[in-house]
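Chemist: Listed below, chain by chain, are the residues.
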Amino acid sequence: MSKRLSVTLLTAPALIVLLGVFLIPMLLMLLLSFQDAKQAFTLENYALFFQDTFYLEILWRTIRVSLWTVLATLVLGYPVAMFMAQATGKMRGIVTMCILAPHLISVVIRNFGWVVVLGEKGWINETLIALGIIETPLRLLYNELGVVIGLTDSFIAYMVLALATSLYSIDPSLNKAASILGASRTRTFFSVTLPLSLPGIVAGTTLVFSLSMSAFVTPALMGGTSVKVIPVLAYEQIMSTLNWPLGAALAFLLLGSTIMLVSLYTKLIENKRYKEVFAS
Amino acid sequence: MKKINVLGLITFLVIILVNLPFLVIIPSSFTAAGYLAFPPEGFSWKWYAMILDRPEFIDSFWTSIKLATISAILATVLGTLAAFALSKYKFRGSGFINALMLSPLTVPSLIIGISALLFFTRIGIAGTFMGLLLAHILISIPYVVRLVLTGLSSFDYTLEKAGYMLGAHPLRVFWDITLPLVRPAIASGMIFSFLTSFDNVTVSLFLVAPDTTTLPLAIFSYMQETLDPLVASISSVVILLSLVFIILLEKVYGLERLFGLNSQSH
Amino acid sequence: MSFLAKVYDVELRSIMKKFQNNVVVQDFNLQVEQGEFISFLGPSGCGKTTTLNMIAGFLEPDGGDLLIKGQRMNGVPPYKRELGMVFQTYSLFPHMTVAENIAYGLKLRKVNKAEMKERVDRVLSLVKLPNVADRYPKQLSGGQRQRIAIARALVIEPSLLLLDEPLSNLDAKLREELRDELKRLHHEIGVTTIFVTHDQEEALSLSDRIVVLNHGFVEQIGTPLEIYNEPASEFVHTFIGKTNRLEGEVVEVNGDRLTVRTNDGMLIQAAKQTRSFAPNQKVIAFVRPEKIQLSATASSDAENNVKGELQIASFLGSFTECEVKVGGNTLSVKVQKLIDKATEQEAAKGIICYWNAEDVLVMPTERG
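Chains as they are written, first to last, in my numbering: chain A, 2 to 281; chain B, 626 to 891; chain C, 1285 to 1652.
Wrong hints could be hidden among the right ones.
Unchecked claim - Estimated spans, in silico, between C-beta atoms of each pair:
(1) B:THR731 / A:GLY21: 16 to 24 Å
(2) B:PHE668 / A:THR89: 45 to 53 Å
(3) A:LEU265 / C:LYS1353: 49 to 57 Å
(4) C:ASN1453 / B:ALA793: 55 to 63 Å
(5) B:THR731 / C:GLU1402: 46 to 54 Å
(6) B:ALA787 / C:ASN1453: 16 to 24 Å
(7) C:PHE1303 / A:ARG274: 36 to 44 Å
Unchecked claim - List time: in silico DSSO-like cross-link candidates among lysine-lysine, alpha-carbon distance up to 27 Å:
(8) A:LYS177 / C:LYS1591
(9) C:LYS1633 / C:LYS1591
(10) A:LYS273 / C:LYS1556
(11) A:LYS91 / C:LYS1302
Quick caveat, the hints were computed from the structure, so don't treat them as lab data.
Where is the CB? At the ideal position from N, CA and C, for every residue including glycine.
Sequences are here, hints too, so could you generate the full structure?
Modeler: In structure tokens:
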């Protein structure tokens, strides 16, 4: 059996699925986004996006919510990753399990849990009212705050993973070297640990940002009708309005914006010095 | 040491945070009241009993199970074969094929869902079991390929050569020597694919029909109209089922290793 | 502390360390004078690195006192001890240039920019690497990185320099080169140094004194010559250099002269023994391979002559290592000449091994 034949036979089935369910459909979708109702070529779907401030506002809201999620996951996730890096194997395994296992349960269920917690008659409000701390319920759901909480819960695992991978690879004797040279623990963190974890920070923030931008379920369930994001708009165009070309265009515009922003960000951070130190 | 305590505290809080939904849902499902409340009022199995009266949940549950099982098996077979080809043979374009196999991971589920809908409608399988199946296989393949490749990366192919020298023919070598060493990776790929399919919402969203829907989507639609303890009870069932598979995954492969966090350097 | 008490640079008083219930360092006593080069030598797990970490402050002793320049250091964190340390893996900060790495200690001590630059340049020329200031560690070779690590430790002018197996990650040739560098640096600067190694050649060539450790116990503290020629125990003798080991019992005692009969009947003369023995005492006789000579005929000068058969001769460049079967034993012999095939064949039939009585070391059999 020749090598070429083996390779072909082994990879063909998967490639066929990829081609038929992924590549060709995406190409079709791209083409469709440039069509109008009469299936002629047009840029009107894309133009609409830039002309109508409605869409730009929604895009800005999508970006805003994503940025807040990135911040929340970073601030909460970094200490967790540091704890894991310093912990013994057994503790590390337990924490990993506790943080990653929830991720393997459907997002619909997780969001439902948050609705029970954050709702007007939800756990937090009922408890705070019962304790007399507040009189009227706090608005924690069906607004941007609720969406950010939901997205943070969804994606913090990714941030922790990216940060932990980076922190694990830092040579532990570097901390010792800094210490013996006279650096206190805080100083060592800022001089050694933080700079060397930069690749993990970049990986985590770009991943969480990208995931947040294209998230559908959480904004739909926890944002309510007043907080719409681009993915929700795209869904409505496709399933309700049946304006497939517009829906497709919106999806690609979202993808394009995400890629552009991420590229800008990485370009800014990965300057000459970064590349010298971290490029393999 | 002071520093670890602060970190430990935050870690503990974050763990509570990500598990809070489950800690709230499961008790709420046992409420005797007629509405959703946490903490629950009274104790009753009635909301679980009610699931049985709901064909939309029962039917979608079986659809999800069937879908997850078949797509897991097929994705594992397809992905494993491809991973073997990529690992064993050095050929021009293997890097490209590798990237291609992993590419669905880089594209938002939203786009995969919409594009699948558009194409499947053209060929008439939109809203059918087949359509959902193909889409679920697609999104699982990258995970299987990555896992099996990692499992094979530490595989020493000279072991196969030793087998040949001792007189074993290729199929025998594969079965006796190669397969046992990558079995954990393949098994974990299958379990992970099952979970990915069972949990999936965004892609499936565009491919379901009134008579063919998945459990997460049935819950999703129900939630748009009513929020009652029935959602809690059906969710608890899903949580339990998922937990079984998560524990299985941990035993077979290890969650740390699965997500690439095995402590090699320490 | 009375003013008559001498202040040592480093003093360990009955230092003890245990991990869980495992005692890894036991009753370690040592006084280091200013400018001394001390080596901690022993196999892995003997406690040498653990003790070094205690001196550095990364581990706390469970018993005993640690004093540096007369001050008790138990409980003082590493960043307050003003020491210099070089690690096995160099531990240069990968995200800083060479100059920034070296200047880090100075930055922490708030040295002004001009002085910082001057001191960095000075120490770079001291380690003979004046042109690498703006490079990153990954662009340097292993040997260069090690020298920068040393420079970084020295630039802060520490009272004590600690080195944790700094040469272990280098290949043989580089190791020798850097060993000479270390010797030169110590000669030039004279900083008190503690050097941890498992390589006895390094310890012997660099140290003023060596501490030989075994399973947490100090076996002997002495100059290289003392350690080599007057080992305090069988462990010290066999750890340093190769040796031939012959078990037997004392037959005759005559002042500092002994006659030992080995278990298979060979009689060995030993002279200039520092220990005293009684007749019939069970002992072990040691003789180093390089002290044994080979000849076709017996030597009249040497008191020990035995006949044997040459089994293996391995040419190793500057000497030949031979295995000679004598009675029930195999003696390892190191000769400084090349043995050709003809001689080898002759020697296989019969060869004489001879050595002086004073080159024999006799030790009592250690119980257990």
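Chemist: Now tell me, hint by hint, if it's right for this structure.
Modeler: Here is what the structure says about each hint:
One distance hint, 16 to 24 Å for the beta-carbon pair THR731 of chain B and GLY21 of chain A, holds here, with the actual separation near 19 Å. At about 40 Å, the beta-carbon gap between PHE668 of chain B and THR89 of chain A misses the expected band of 45 to 53 Å. About 55 Å separates the C-beta atoms of LEU265 of chain A and LYS1353 of chain C, a value consistent with the hinted range of 49 to 57 Å. A beta carbon spacing of about 41 Å between ASN1453 of chain C and ALA793 of chain B contradicts the range 55 to 63 Å that was offered as a hint.
For the pair THR731 of chain B and GLU1402 of chain C, the supplied restraint of 46 to 54 Å holds, since their beta-carbon distance comes to about 52 Å. Between ALA787 of chain B and ASN1453 of chain C the C-beta distance comes to about 33 Å, which lies outside the given range of 16 to 24 Å. Look at PHE1303 of chain C against ARG274 of chain A: about 41 Å separates their beta carbons, and that is inside 36 to 44 Å. The hinted pair formed by LYS177 of chain A and LYS1591 of chain C fails the criterion: a straight-line CA distance of about 58 Å is larger than 27 Å.
With a C-alpha separation of about 10 Å, the suggested pair LYS1633 of chain C and LYS1591 of chain C falls inside the 27 Å cut-off, and the hint holds. Taking the CA atoms of LYS273 of chain A and LYS1556 of chain C, the gap is near 70 Å; set against the 27 Å cutoff, the hint is violated. Simply put, LYS91 of chain A and LYS1302 of chain C have alpha-carbon atoms about 22 Å apart, close enough for the 27 Å limit, and the pair holds.
The structure fails to meet hints 2, 4, 6, 8, 10 from the earlier list, while all remaining hints are met.
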